[in-house]
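Student: Chain residues, written in single-letter form:
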Amino acid sequence: MADDKEKEGKELEVAELHRKIKEAFEVFDHEANNTVDVREIGTIVRSLGCCPSEGELHELIAEVEEEEPTGYIRYEKFLPVMTNVLLEKRYRPISEDTLLQAFEVLDPAKRGYLSKEELVKYMTEEGEPFSQEEMEEMLSAAVHPESNSIYYKDYLAMMVVDEN
Amino acid sequence: MGSGTSTQHHFAFQNAEKAFKAAALIQRWYRRYMARLEMRRQCTWSIFQSIEYAGQQDQVKLHDFFSYLVDHFTPSSHNERDFLNRMFTEDSIPQDSEMENCSDYESIEVPDDYTGPRLSFPLLPDHATALVEAFRLKQQLHARYVLNLLHETRKHLVQLPNINRVSTCYSEEITVCGDLHGQLDDLIFIFYKNGLPSPERAYVFNGDFVDRGQESVEILMVLFAFMLVYPKGFHLNRGNHEDYLVNLRYGFTKEVMHKYKVHGKKILKMLQDVFCWLPLATLVDEKVLILHGGVSDVTDLELLSKLDRHKVVDILWSDPMAQEGCKANTVRGGGCYFGPNVTKQLLQKYNLQFLIRSHECKPEGYEFCHGRKVLTIFSASNYYEVGSNRGAYVKLGPALSPHIVQYQANKATHRLTMRQRISRVEESALRALRNKLFAHSSDLLDEFKKHDKDKTGLIPLGEWAAAVELVLRLGLPWRVLRPQLVNSSVGNMLEYKSWLEDLAKEQPSFKNIQSSLLETLYRNRSNLETIFRIIDSDHSGFISLDEFRQTWKLFSSHMKIDITDGCICDLARSIDFNKDGRIDINEFLEAFRLVEQSCSEGSDSDCPQAPNTNDSGAGQPAAH
Numbered sequence: 001m002a003d004d005k006e007k008e009g010k011e012l013e014v015a016e017l018h019r020k021i022k023e024a025f026e027v028f029d030h031e032a033n034n035t036v037d038v039r040e041i042g043t044i045v046r047s048l049g050c051c052p053s054e055g056e057l058h059e060l061i062a063e064v065e066e067e068e069p070t071g072y073i074r075y076e077k078f079l080p081v082m083t084n085v086l087l088e089k090r091y092r093p094i095s096e097d098t099l100l101q102a103f104e105v106l107d108p109a110k111r112g113y114l115s116k117e118e119l120v121k122y123m124t125e126e127g128e129p130f131s132q133e134e135m136e137e138m139l140s141a142a143v144h145p146e147s148n149s150i151y152y153k154d155y156l157a158m159m160v161v162d163e164n
Numbered sequence: 001m002g003s004g005t006s007t008q009h010h011f012a013f014q015n016a017e018k019a020f021k022a023a024a025l026i027q028r029w030y031r032r033y034m035a036r037l038e039m040r041r042q043c044t045w046s047i048f049q050s051i052e053y054a055g056q057q058d059q060v061k062l063h064d065f066f067s068y069l070v071d072h073f074t075p076s077s078h079n080e081r082d083f084l085n086r087m088f089t090e091d092s093i094p095q096d097s098e099m100e101n102c103s104d105y106e107s108i109e110v111p112d113d114y115t116g117p118r119l120s121f122p123l124l125p126d127h128a129t130a131l132v133e134a135f136r137l138k139q140q141l142h143a144r145y146v147l148n149l150l151h152e153t154r155k156h157l158v159q160l161p162n163i164n165r166v167s168t169c170y171s172e173e174i175t176v177c178g179d180l181h182g183q184l185d186d187l188i189f190i191f192y193k194n195g196l197p198s199p200e201r202a203y204v205f206n207g208d209f210v211d212r213g214q215e216s217v218e219i220l221m222v223l224f225a226f227m228l229v230y231p232k233g234f235h236l237n238r239g240n241h242e243d244y245l246v247n248l249r250y251g252f253t254k255e256v257m258h259k260y261k262v263h264g265k266k267i268l269k270m271l272q273d274v275f276c277w278l279p280l281a282t283l284v285d286e287k288v289l290i291l292h293g294g295v296s297d298v299t300d301l302e303l304l305s306k307l308d309r310h311k312v313v314d315i316l317w318s319d320p321m322a323q324e325g326c327k328a329n330t331v332r333g334g335g336c337y338f339g340p341n342v343t344k345q346l347l348q349k350y351n352l353q354f355l356i357r358s359h360e361c362k363p364e365g366y367e368f369c370h371g372r373k374v375l376t377i378f379s380a381s382n383y384y385e386v387g388s389n390r391g392a393y394v395k396l397g398p399a400l401s402p403h404i405v406q407y408q409a410n411k412a413t414h415r416l417t418m419r420q421r422i423s424r425v426e427e428s429a430l431r432a433l434r435n436k437l438f439a440h441s442s443d444l445l446d447e448f449k450k451h452d453k454d455k456t457g458l459i460p461l462g463e464w465a466a467a468v469e470l471v472l473r474l475g476l477p478w479r480v481l482r483p484q485l486v487n488s489s490v491g492n493m494l495e496y497k498s499w500l501e502d503l504a505k506e507q508p509s510f511k512n513i514q515s516s517l518l519e520t521l522y523r524n525r526s527n528l529e530t531i532f533r534i535i536d537s538d539h540s541g542f543i544s545l546d547e548f549r550q551t552w553k554l555f556s557s558h559m560k561i562d563i564t565d566g567c568i569c570d571l572a573r574s575i576d577f578n579k580d581g582r583i584d585i586n587e588f589l590e591a592f593r594l595v596e597q598s599c600s601e602g603s604d605s606d607c608p609q610a611p612n613t614n615d616s617g618a619g620q621p622a623a624h
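From first to last, the protein sequence lines are chains Y and B.
Start counting the first sequence at 1; every next residue gets the next number (my numbering).
Start counting the second sequence at 1; every next residue gets the next number (my numbering).
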C-alpha cells in the first residue's frame, strides 16, 4: 500500500517536472516545432534551477544532440535527460557564502575589492574564460565608476537581491 | 636542498589552483545569472505580445458584433432604430457631399495670437521641414491647416494606384520605415540620422502611423506634407491601424478629440476617408514588394491593382510563420499565417527578390525569415515600454541589397545596465499581467476550488499554473513566471484565496463599485472604451445611460458573457457619476485608470479631475 502511494507520488513529481521542462523549452521553440537552437540549451538548463559549469553543459549537450549534430536539439531527446538531471538534483547552485569566499581567494590582501584589471585578468584568463561580451557586461554592472574597482560584497548583495 | 623550493612550488601551485577554481566558480554563477536574465527577457516579451494579440482578437470580435447587429438585430422601437442608425452611419464610407462639408476649412479663422506653424498651398519643401521643427518644439497645427492639408492629401491619393510602382532611377537611395504608432520621437530621429526626404532620398512608410503613441496627428501631418512635396519620392502604404474602428480602440480618435475640441469631428471624418485612399503596397524596381502585413496563398498582384481599395484585405493583417502552408491567423483574428513556400511561390510568380513588411514588433527592430526572403521592419522603439525594443529602418542600396539601421529613441535607456533595462520592462509586463489575473478573479477562484476538493484552502503550485492557463488562455509559461507572480507559497502549496486578495489590493479601487463589477470592467475595459466611442457617434464625450445599457446588454449576450440584467443596471448607474443620466466617457475611464493619463501633455484645464485616484506616477501600459 505504502509502496503504491510512494510510486504515485513519484509519478506526480515526474509529471510536474515534465511540465516545467516543457514550458522552459517552449519559450525558445520559436518555430513551434519542438526544437531549440543548441545555443539556448544553457539558458534553459540554468533557468530550471541548475548551475552547471561550461564543461558540464557541453557534456549534457553531447547527450541530447543528434548523432550528426544539426545545431538544433529536439524536445524528445532533451526531456528524459533533463528530467534525470532534476531528479538527481545535479548541478546545484552555489551559495552566497561560497561565492564570497571565491572572491576573497582572488583578494588575498583582504582589501574588500578587486581592481577592474584584476577582475578582467581572472575572468578572461582563469577558470572557464569569459568572452569579451560577457566581460563587458559584467563590468558594466560591477565596476564602481569613480574608483574603477569592484566592491565584491556589495556587488554580490545587489545581484542576489535582484534574483529574488 | 630541493625541499624548500618544492614547498614553495607546492604552495604556488596550490594558490594558482585555488585562484583557478575560484574564478571558475564565479564564472559559473555569473553565467547562470545571465541565463535567468535572458529567460526573464523572453518571458516579458511573450507577456506583452500575448496581451497585445488578445486585445486584437477582442477588437475583431467587437467588429463582428457590430456587423452581427447590423444584419440580425430587429429594433423593437423607434428609439432603438434611431439609435442604431445613428451608430451605423459612421460605418459607411463618407459621401462626397459630406466630404465637401468637412473640407470647408476656408471659413475657419486662425486667431491672431496663434503662434504655431502655418501652411500655404501648394506646399514647398521648406513648409514640410518647418512642420517637423515646429512639432519638435511641441507646437500644434491649427485645425484649419490640418483640414486644408487633409483635403490636398485626399486629392493626391485618389489618383494613385493601389500599388505604388517606384524606380530607383529617380533617387539614389530608398529608405523603408515600419510601424511608428504615434511615436514622433522615432520619426524625428530617423530624419535626423538618415536625412530629411528629398528627390535624391526617397522614403517608404509602411503603415501603422497612428494609435498607441501620443503624437499620431503630428506624424500624419509630417508624412502627408512630404508626400505632397515629393510625390515621386515619398510613399505611404496603408496599415491595419489606418482604420477608424481600430482608432476608436487604440487611442487615435481620443488624441484627435483631445487636441481639436471644436473641429475634431470634421478632422476624424476626413481622416476616415483619407485612410481608405491610402495605397496598399509599394513595388520597388519591380523587384522588392513592400506592404504592411503579409501575403497569402491567394495573393494576386494584378487583382490587387484592380480591386476597390476601400475593402481592407489580408495584406494588412497577415504574419509569416515558419511552417509551410497558409492558415487563418487566429491569434490576431484577421488575415493569415503564411509559410516559406507561399513566399517562394509569390516571389517566383512575379519575379521578385524579396518582401518587406511590418506589423510585428521585434526586439531588434527587424527580423529576417523565410531564408532571408521576408524582412520585417518595425520603427517604433520602446513600443511596449521604455527599453522593450529597438526600432529600425532599412536602406535599399545598389542592386536593392538591404542595409539595416537600428536605434532606440530614449536617452534614458542608454544609462541603464542590461539588468536594469530588463527589470524595468519586466515590471511593466508583470503589472499588466497581474491586472489581467485580477480581471478574472472569480473564474480563477472557481477553477482553484475544483482542485481543492477537501476545501483546505490550498492547492499545489503545479495546479495553480494549470488553472491559470485554463482561465486566461494566454499560452504563457506560467511555471517559469510563477516566482514573479506568487510570493506567498509555503513549500509547494499556495493559499489561493489570499493570493487573489493580494492581487485585488494592487488594483485601484472605487468605493461604490463592488469587486465583481470591477472585475467585469477590467476584463472588458478595451471593449468598453471602444463601445463608448462607437455609441458616442458625434464625439461629444458623453453617452446616455440608456444607450450604454442597451448596447452592453446586446454585447454581453452576443459574446456569451454571463452578466445579469441587474448587474448591467448597477454598472450603468454606478458609472453615472453626476446622476444626470449621462456617462462622461473620459471621466469614467480615468476614474478607473483604465486609460493612460494623457493629460500631462496639452492643457490640463480641459481634463476632468478623476475622483479617488492616487497618482502612482508610472501609468499603466496600454495593454489591450
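Any given hint might turn out to be false.
Said to hold, decoys possible - Pulled from the structure, derived: some chain B residues nowhere near chain Y, Cβ distances all over 12 Å:
| hint | residue |
| --- | --- |
| 1 | GLU38 |
| 2 | PRO398 |
| 3 | GLY462 |
| 4 | GLU463 |
| 5 | LEU517 |
| 6 | SER557 |
Claimed, not checked - Below 30 Å or equal to it, Euclidean Cα-Cα: the simulated DSSO-like pairs (lysine-lysine) are:
| hint | chain 1 | residue 1 | chain 2 | residue 2 |
| --- | --- | --- | --- | --- |
| 7 | Y | LYS22 | B | LYS453 |
| 8 | Y | LYS121 | Y | LYS110 |
| 9 | Y | LYS22 | B | LYS138 |
| 10 | Y | LYS10 | B | LYS21 |
| 11 | Y | LYS153 | B | LYS373 |
| 12 | B | LYS269 | B | LYS138 |
| 13 | B | LYS497 | Y | LYS22 |
| 14 | B | LYS265 | Y | LYS10 |
| 15 | B | LYS436 | Y | LYS7 |
| 16 | B | LYS436 | B | LYS450 |
| 17 | B | LYS327 | Y | LYS10 |
| 18 | B | LYS436 | B | LYS232 |
| 19 | Y | LYS22 | Y | LYS77 |
| 20 | B | LYS138 | B | LYS265 |
| 21 | B | LYS453 | Y | LYS5 |
| 22 | B | LYS232 | Y | LYS89 |
| 23 | Y | LYS110 | B | LYS18 |
| 24 | B | LYS269 | Y | LYS7 |
| 25 | Y | LYS7 | B | LYS18 |
| 26 | B | LYS138 | Y | LYS10 |
Because the hints were derived from the structure by calculation, they are not lab data.
In this text, a Cβ means the ideal position worked out from N, Cα and C, and glycines have one as well.
Student: State for each hint whether it applies.
Tutor: For each hint, the structure was consulted:
no., hint, result
1, GLU38, "violated (5 Å)"
2, PRO398, "holds (32 Å)"
3, GLY462, "violated (4 Å)"
4, GLU463, "violated (9 Å)"
5, LEU517, "holds (34 Å)"
6, SER557, "holds (35 Å)"
7, Y:LYS22 with B:LYS453, "holds (27 Å)"
8, Y:LYS121 with Y:LYS110, "holds (18 Å)"
9, Y:LYS22 with B:LYS138, "violated (50 Å)"
10, Y:LYS10 with B:LYS21, "violated (36 Å)"
11, Y:LYS153 with B:LYS373, "violated (51 Å)"
12, B:LYS269 with B:LYS138, "holds (25 Å)"
13, B:LYS497 with Y:LYS22, "holds (28 Å)"
14, B:LYS265 with Y:LYS10, "violated (66 Å)"
15, B:LYS436 with Y:LYS7, "violated (38 Å)"
16, B:LYS436 with B:LYS450, "holds (21 Å)"
17, B:LYS327 with Y:LYS10, "violated (41 Å)"
18, B:LYS436 with B:LYS232, "violated (47 Å)"
19, Y:LYS22 with Y:LYS77, "holds (12 Å)"
20, B:LYS138 with B:LYS265, "holds (22 Å)"
21, B:LYS453 with Y:LYS5, "holds (19 Å)"
22, B:LYS232 with Y:LYS89, "violated (66 Å)"
23, Y:LYS110 with B:LYS18, "holds (16 Å)"
24, B:LYS269 with Y:LYS7, "violated (69 Å)"
25, Y:LYS7 with B:LYS18, "violated (44 Å)"
26, B:LYS138 with Y:LYS10, "violated (65 Å)"
Consistency with the previously given hints fails for numbers 1, 3, 4, 9, 10, 11, 14, 15, 17, 18, 22, 24, 25 and 26, ordered from lowest to highest.
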